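Visitor: Chain by chain, the residues run as shown.
There are 2 protein chains.
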Amino acid sequence: MASDIVNLAQKLAKFSEHWSPRVVAEMNDYQFKLVKLQGDFVWHQHEDTDEVFIVMKGEMRIGFRDREVTIREGELFVVPRGVEHITRAQEECHALIIEPRGVVNTGDAGGTLTAASDVWV
Amino acid sequence: MASDIVNLAQKLAKFSEHWSPRVVAEMNDYQFKLVKLQGDFVWHQHEDTDEVFIVMKGEMRIGFRDREVTIREGELFVVPRGVEHITRAQEECHALIIEPRGVVNTGDAGGTLTAASDVWV
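Keeping their order, the protein sequence lines are chains W and R. Numbered per this note's numbering, the first sequence finishes at 135, counting up by one with no gaps. Numbered per this note's numbering, the second sequence finishes at 135, counting up by one with no gaps.
Incorrect hints may appear among the rest.
Each computed EDC-like pair below joins lysine to aspartate or glutamate, with the alpha-carbon atoms no more than 16 Å apart [unchecked claim]:
| hint | chain 1 | residue 1 | chain 2 | residue 2 |
| --- | --- | --- | --- | --- |
| 1 | R | Lys71 | R | Glu106 |
| 2 | R | Lys71 | R | Glu105 |
| 3 | R | Lys71 | R | Glu89 |
| 4 | W | Lys71 | W | Glu106 |
| 5 | W | Lys71 | R | Glu87 |
| 6 | R | Lys71 | W | Glu87 |
| 7 | R | Lys71 | R | Glu87 |
| 8 | R | Lys25 | R | Glu40 |
| 9 | W | Lys25 | R | Glu89 |
| 10 | W | Lys71 | W | Glu87 |
| 11 | W | Lys25 | W | Glu40 |
| 12 | W | Lys71 | W | Glu105 |
| 13 | W | Lys71 | W | Glu89 |
| 14 | R | Lys25 | W | Glu87 |
| 15 | W | Lys71 | R | Glu89 |
| 16 | W | Lys25 | R | Glu87 |
| 17 | R | Lys71 | W | Glu89 |
| 18 | R | Lys25 | W | Glu89 |
DEER-style ranges, computed between Cβ atoms [said to hold, decoys possible]:
| hint | chain 1 | residue 1 | chain 2 | residue 2 | range |
| --- | --- | --- | --- | --- | --- |
| 19 | R | Leu127 | W | Thr128 | 42 to 48 Å |
| 20 | W | Thr126 | R | Glu98 | 43 to 49 Å |
| 21 | R | Arg115 | W | Val97 | 18 to 24 Å |
Not close to chain R: a few residues of chain W, all C-beta gaps over 12 Å, as computed [what the hints assert, rightly or not]:
| hint | residue |
| --- | --- |
| 22 | Glu106 |
| 23 | Ala123 |
| 24 | Gly125 |
Just so you know, the hints here were simulated from the structure itself, not pulled from any lab data. Keep in mind the model is a prediction, meaning the values are calculated, not measured. Think of the CB as a built atom: it goes at the ideal place given N, C-alpha and C, for glycine as much as any other residue.
With these hints in hand, go ahead and build the complete structure from the sequences.
Guide: What follows is the structure, encoded as structure tokens:
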């Protein structure tokens, strides 16, 4: 029974890089990742999976081709599979991402913001 | 694109029953459920799946046959599949549960605390 208590604030204090998700827990073949966002990410989609964001601190925006939503602390949002989106944060925002193990942050877009997908903190 | 912003505090304000999880979002074949806990639940296990708790308010204890953990606000815990456990809260605690759609709260134990598994709020 190796499961440990994960204190999300303590884990967030352990890294400072933006757009670099850190895994904190696994449930079956899904991962819970903490991320710090600031600025604009890239337009991308995940063809095979939905993706959940829960904002822990600050606020983030998720742009879609037809609208934009603002997700604030204590709010959860599901980005449906196959839908192009871009994440943005004017000031630093902390979020918890839940998605299957192996999902790459930039989805189909690639590019310089692509992060390793299985880095734990 | 039917996905909506889920404000967890607002959803929690909409029900008061203990041990009665309410679905607030779905990701692939997984569900996010809010639950209010107070008192002792029942010993049970989920043979086929891990189960994640994130405490939103207060604190809960999870008892195992060989130890007990206390999970506080802002903390996450993974209960591994097939491990007998009991959830407890001395004072009312609010938590977010993440697990596959269709999981029954009492697992293999059944009994009077068994709740409908797909009630949304």
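Visitor: Hint by hint, which ones does this structure get wrong, listed from lowest number up?
Guide: Every hint satisfied by this model.
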